[in-house]
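Enquirer: Here is what each chain is made of, one letter per residue.
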Amino acid sequence: MRKKQISDETLNRILKYLAIIILGFGVILLAIQFKSFWDWILNAIKAVIIPVALAYFGALIIFPIIKYLEKKGVGPRGFSLGIVFVFTVGLIFAAFYFFTPLLVTEIKNFFTDDFPIIVDYINNDLREEFILGTDLYDRIFAYINETNVIADAVDSFFPRLITSLSSSLIPLLTAFALLPILLIFYLNDYEVISENIRTIIPPKHEKNVAELTSRLNQTVGAYLRGQLILMIVLGAVATIVYKLIGLKYYFFFGFLVGVTNIIPYFGLIIAAVPPIVYTFIATSGPGPLLVLIVNVVLQFFEGNIFQPLIMSHQLSIHPIVIIISILFFGSLFGTLGVIFASPMAASIRVIYKFFKDLRAEKLKNNMAEATGP
Amino acid sequence: MIKSSRPKIYSKYEINSIVFYGTMFLFIPLVLVFTYVFDVEYKFDMNIFYLILGITTATMTFIGTIILFIKRDYLKRQVRANYMSEFYYLVIISIFGILGFIVLYNYLGGSPKYLGNTFIMLLVVFIYILLSLGRKYFNVNYRRKK
Chain R
1 MRKKQISDET LNRILKYLAI IILGFGVILL AIQFKSFWDW ILNAIKAVII
51 PVALAYFGAL IIFPIIKYLE KKGVGPRGFS LGIVFVFTVG LIFAAFYFFT
101 PLLVTEIKNF FTDDFPIIVD YINNDLREEF ILGTDLYDRI FAYINETNVI
151 ADAVDSFFPR LITSLSSSLI PLLTAFALLP ILLIFYLNDY EVISENIRTI
201 IPPKHEKNVA ELTSRLNQTV GAYLRGQLIL MIVLGAVATI VYKLIGLKYY
251 FFFGFLVGVT NIIPYFGLII AAVPPIVYTF IATSGPGPLL VLIVNVVLQF
301 FEGNIFQPLI MSHQLSIHPI VIIISILFFG SLFGTLGVIF ASPMAASIRV
351 IYKFFKDLRA EKLKNNMAEA TGP
Chain W
1 MIKSSRPKIY SKYEINSIVF YGTMFLFIPL VLVFTYVFDV EYKFDMNIFY
51 LILGITTATM TFIGTIILFI KRDYLKRQVR ANYMSEFYYL VIISIFGILG
101 FIVLYNYLGG SPKYLGNTFI MLLVVFIYIL LSLGRKYFNV NYRRKK
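Those protein sequences? They're chains R and W, same order as listed.
Position one of the first sequence corresponds to residue 1 (my numbering), numbered consecutively onward.
Position one of the second sequence corresponds to residue 1 (my numbering), numbered consecutively onward.
Treat the hints loosely; a few may be bogus.
[As the list claims (entries may be wrong)] Straight-line C-alpha distance at most 30 Å; calculated DSBU-like pairs for lysine-lysine:
1. R:Lys364 / R:Lys207
2. R:Lys71 / W:Lys12
3. W:Lys43 / W:Lys113
4. W:Lys71 / R:Lys72
5. R:Lys108 / W:Lys43
6. R:Lys362 / R:Lys204
7. R:Lys207 / R:Lys67
8. R:Lys362 / R:Lys207
9. W:Lys71 / R:Lys71
10. R:Lys71 / W:Lys76
11. R:Lys16 / R:Lys4
12. R:Lys67 / W:Lys76
13. R:Lys67 / W:Lys12
14. W:Lys76 / W:Lys12
15. R:Lys72 / W:Lys12
16. W:Lys76 / R:Lys72
17. R:Lys67 / W:Lys71
18. R:Lys71 / R:Lys207
For the record, the hints were derived by calculation from the structure and aren't laboratory data.
The whole structure should be built from the sequences, with the hints applied where relevant.
Expert: See below:
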């Protein structure tokens with residue numbers, strides 16, 4: 001039987017792809033040779049992107065309020081922007097003014113009242129109550145004493161923490177200091193900036209890009225607004241319920257629920273661990289089972305009532321996609337990547353859906369042209 | 001006679017009335033639930049606090065009723081296919097309202113032993129009321145596809 005010959009066209013295509021792949025590898029190899037140069041460029045880009053992205057996300061949350069005020073006749077733009085800005089700053093200051101003393105008092109009380117008890121428990125009572133038996137506990141303790149593993153870890157942890165804080169704190173502080181200024185200018189000239197960005201795009205693609213931007217703004221804006229409301233509602237509910245069941249540091253643990261809820265799926269689980277561990281060790285207050293039940297009920301409410309109601313189904317992303325995006329963006333951008341993993345995943349989904357719709361529309365048009373008179 | 005499957009659409013007047021009277025009904029528990037975090041019971045005389053809250057609620061209900069009455073014709077002409085955002089608002093204030101009733105129960109000296117039972121009973125009642133209101137007035141489709 002004769003073997004099927006490869007056509008010139010296929011061979012050309014294979015050679016073209018091979019050349020592209022080899023060229024790609026060549027470019028990567030060349031880029032690796034100048035790593036320090038690329039790091040320098042990437043750091044500069046990162047320093048610009050973080051405050052700009054934060055301003056963009058902030059604008060997506062605040063702009064609808066300004067639009068609403070303008071619709072109600074509160075204008076011009078400077079006036080409505082001023083009202084929203086003063087209100088937001090006031091709200092932030094009020095939150096700091098009322099909640100910081102509560103938080104500080106609870107943290108102080110923890111270190112004066114409960115921390116010595118916890119240390120004492122680990123040194124004395126933990127051996128008797130160790131779930132895997134006293135024998136294994138002694139072995140683990142002997143290993144820790146022999147190898148100095150904890151002391152070494154602590155010794156290496158603090159210098160590393162100081163280095164990472166000093167390297168990330170300054171860009172973060174700069175970003176937060178720049179944020180209000182960037183936000184004011186961005187919100188004041190929102191339409192002008194969007195229009196100017198649109199002029200860069202070739203006229204052929206202008207319509208598509210405008211449609212994609214509008215979809216992205218709508219989705220990411222709805223997601224961010226929903227997430228913010230969800231954090232406040234869940235944090236408040238958790239604080240009240242924790243106080244009702246008599247948990248000592250109810251405000252701190254409730255605050256933790258609100259803050260960690262920024263990470264979808266894992267947030268509530270992370271927030272549940274400290275109060276459960278605390279109730280295991282604490283001599284008074286509710287038992288760990290009650291705290292666990294409260295957290296399970298909260299998780300149920302979050303997943304079945306708050307999330308569908310506040311975020312609505314249009315933003316539903318599969319949990320696996322969210323987990324993958326948290327891992328991916330977390331490794332790329334650190335803490336900010338973990339926080340913004342979901343809106344980024346939502347944006348990717350919108351882009352994918354947009355191109356899918358575009359392709360379907362093109363196919364439909366082609367079919368109509370082919371079957372037309 | 002064949003019954004129409006199409007749900008009746010209510011005007012903004014009915015919806016605003018439900019939302020307003022719902023808020024007023026839950027106003028005292030809502031205030032209590034947020035003040036509970038700041039330990040008001042140790043800072044104020046609770047009886048005076050209840051009295052002030054009661055008077056405020058009554059005054060607000062009175063003013064709101066008058067405004068609703070004045071704007072009745074205008075609101076009756078405004079109709080939407082569904083009232084999702086109003087329903088979300090009602091659900092969220094109901095959740096805090098339930099917690100507020102628990103706080104009230106606590107303030108009034110109810111036994112902490114029955115806190116869970118009271119919560120579940122209130123939750124069932126509220127869920128039933130919300131589901132019925134949502135279906136009948138707010139046109140909420142609970143079985144929407146993901």
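Enquirer: Check each numbered hint from earlier against the structure, then list the numbers of those it violates in ascending order.
Expert: none
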